[in-house]
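Using the sequences and the accompanying hints, generate a full structural model.
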Amino acid sequence: DFDEIEILAIDTNEFALQRLSDRAGTMPIVGKHMRTLAADLADVDSILGHIPSENDVVVVSLHACGAASDYAMNLAHARDAPFV
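Mapping of the sequence shown onto my numbering: position 4 corresponds to residue 4, and the numbering continues sequentially without gaps.
Incorrect hints may appear among the rest.
[As the list claims (entries may be wrong)] Straight-line Cα separation of at most 25 Å, SDA-like style, residue types lysine to any residue; simulated pairs: (1) Lys32 / Arg19; (2) Lys32 / Ala9; (3) Lys32 / Val58; (4) Lys32 / Pro82; (5) Lys32 / Ser21; (6) Lys32 / His50; (7) Lys32 / Glu54; (8) Lys32 / Gln18; (9) Lys32 / Asp22; (10) Lys32 / Ser61; (11) Lys32 / Val57; (12) Lys32 / Leu48; (13) Lys32 / Phe83; (14) Lys32 / Leu20; (15) Lys32 / Ile51; (16) Lys32 / Asp11; (17) Lys32 / Asp3; (18) Lys32 / Leu17; (19) Lys32 / Ile7; (20) Lys32 / Asp70; (21) Lys32 / Asn55; (22) Lys32 / Gly66; (23) Lys32 / Glu14; (24) Lys32 / Pro52; (25) Lys32 / Ala16; (26) Lys32 / Ser46; (27) Lys32 / Ala72; (28) Lys32 / Ala67; (29) Lys32 / Leu8; (30) Lys32 / Leu62; (31) Lys32 / Thr12; (32) Lys32 / Asp56; (33) Lys32 / His63; (34) Lys32 / Glu6; (35) Lys32 / Ile5; (36) Lys32 / Asn13; (37) Lys32 / Cys65; (38) Lys32 / Gly49.
Since the hints were made in silico from the structure, they are not lab data.
What follows is the structure, encoded as structure tokens:
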């Protein structure tokens with residue numbers, strides 16, 4: 001059931017997050033389920049603080065280069081989550 005899904009988009013670039021929010025807002029199914037977080041992927045503890053511990057998690061990393069891919073995988077590992 002899509003009503004149970006929550007999307008947390010993370011980026012260090014607040015402008016990119018605003019563009020994402022604007023685009024998601026044009027898609028009601030996605031827009032109402034998405035939040036954004038301006039954070040560095042290296043700050044796993046801070047990011048995990050924004051994800052309720054009872055939620056199932058899948059980490060999807062788009063256009064993550066170099067260390068960003070490693071940080072995304074570390075985040076997935078910290079929550080024992082699949083990584084895409």
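Checked hints:
For the hint linking Lys32 to Arg19, the alpha-carbon distance of about 15 Å falls within 25 Å, and the restraint holds. At roughly 13 Å between alpha-carbon atoms, Lys32 and Ala9 fall within 25 Å of each other, so this suggested pair holds. Restraint check for Lys32 and Val58: satisfied, since their Cα atoms lie roughly 18 Å apart, inside the 25 Å limit. For the proposed pair Lys32 and Pro82, the alpha carbon gap of about 24 Å is at most 25 Å, so the pair holds.
Between Lys32 and Ser21, the direct Cα distance comes to roughly 10 Å. Compliance with the 25 Å bound is thereby established for this hinted pair. Our distance criterion of 25 Å between C-alpha atoms is met by Lys32 and His50, whose separation comes to about 17 Å. For the hint linking Lys32 to Glu54, the alpha-carbon distance of about 20 Å falls within 25 Å, and the restraint holds. Of the pairs offered as hints, the one joining Lys32 and Gln18 holds, with about 15 Å between alpha carbons and a cut-off of 25 Å not exceeded.
With a C-alpha separation of about 12 Å, the suggested pairing of Lys32 with Asp22 holds against the 25 Å cut-off. For the proposed pair Lys32 and Ser61, the alpha carbon gap of about 21 Å is at most 25 Å, so the pair holds. Simply put, Lys32 and Val57 have alpha-carbon atoms about 18 Å apart, close enough for the 25 Å limit, and the pair holds. As the CA atoms of Lys32 and Leu48 are separated by approximately 21 Å, the hinted pair is consistent with the 25 Å bound.
About 23 Å separates the Cα atoms of Lys32 and Phe83, which keeps this hinted pair within 25 Å; it holds. Proposed proximity of Lys32 and Leu20 is supported: the alpha carbons are some 13 Å apart, at most 25 Å. At roughly 16 Å between alpha-carbon atoms, Lys32 and Ile51 fall within 25 Å of each other, so this suggested pair holds. A distance of roughly 19 Å separates the Cα atoms of Lys32 and Asp11; the hinted pair therefore holds under the 25 Å criterion.
The suggested pairing of Lys32 with Asp3 holds, with an alpha-carbon distance near 9 Å, which does not exceed 25 Å. Straight-line distance between C-alpha atoms of Lys32 and Leu17 comes to about 15 Å, which keeps the hinted pair within the 25 Å bound. Pair hint Lys32 plus Ile7 holds up; C-alpha atoms about 9 Å apart against a cutoff of 25 Å. In summary, the hint linking Lys32 to Asp70 is not supported, as the alpha carbons are separated by about 29 Å, beyond the 25 Å threshold.
Proximity of Lys32 to Asn55 is assessed by CA-CA distance (about 17 Å); at most 25 Å being required, the pair is judged to hold. For the given pair, Lys32 sits about 31 Å from Gly66 by alpha-carbon distance, which is inconsistent with the 25 Å threshold. A threshold of 25 Å between alpha carbons decides the hint, and for Lys32 with Glu14 the separation of about 19 Å falls inside it, so the pair holds. Pair hint Lys32 plus Pro52 holds up; C-alpha atoms about 17 Å apart against a cutoff of 25 Å.
Our distance criterion of 25 Å between C-alpha atoms is met by Lys32 and Ala16, whose separation comes to about 18 Å. For the suggested pair Lys32 and Ser46, the alpha carbons sit about 23 Å apart, so the restraint of at most 25 Å is met. Our distance criterion of 25 Å between C-alpha atoms is met by Lys32 and Ala72, whose separation comes to about 24 Å. Annotation: proposed proximity of Lys32 to Ala67 is violated, straight-line Cα distance about 31 Å (limit 25 Å).
Proposed proximity of Lys32 and Leu8 is supported: the alpha carbons are some 11 Å apart, at most 25 Å. For the given pair, Lys32 sits about 21 Å from Leu62 by alpha-carbon distance, which is consistent with the 25 Å threshold. Pair hint Lys32 plus Thr12 holds up; C-alpha atoms about 22 Å apart against a cutoff of 25 Å. A C-alpha spacing of about 18 Å is found between Lys32 and Asp56, which places the hinted pair at or below 25 Å, so the restraint holds.
At most 25 Å may separate the alpha-carbon atoms for a hinted pair to count; Lys32 and His63 meet this at roughly 24 Å. Simply put, Lys32 and Glu6 have alpha-carbon atoms about 9 Å apart, close enough for the 25 Å limit, and the pair holds. Note on Lys32 and Ile5: the hinted pairing holds, with a Cα-Cα distance of about 10 Å set against a maximum of 25 Å. Between Lys32 and Asn13, the direct Cα distance comes to roughly 21 Å. Compliance with the 25 Å bound is thereby established for this hinted pair.
As the CA atoms of Lys32 and Cys65 are separated by approximately 29 Å, the hinted pair breaks the 25 Å bound. A C-alpha spacing of about 21 Å is found between Lys32 and Gly49, which places the hinted pair at or below 25 Å, so the restraint holds.
Comparing the model with each numbered hint stated earlier shows that hints 20, 22, 28 and 37 do not hold.
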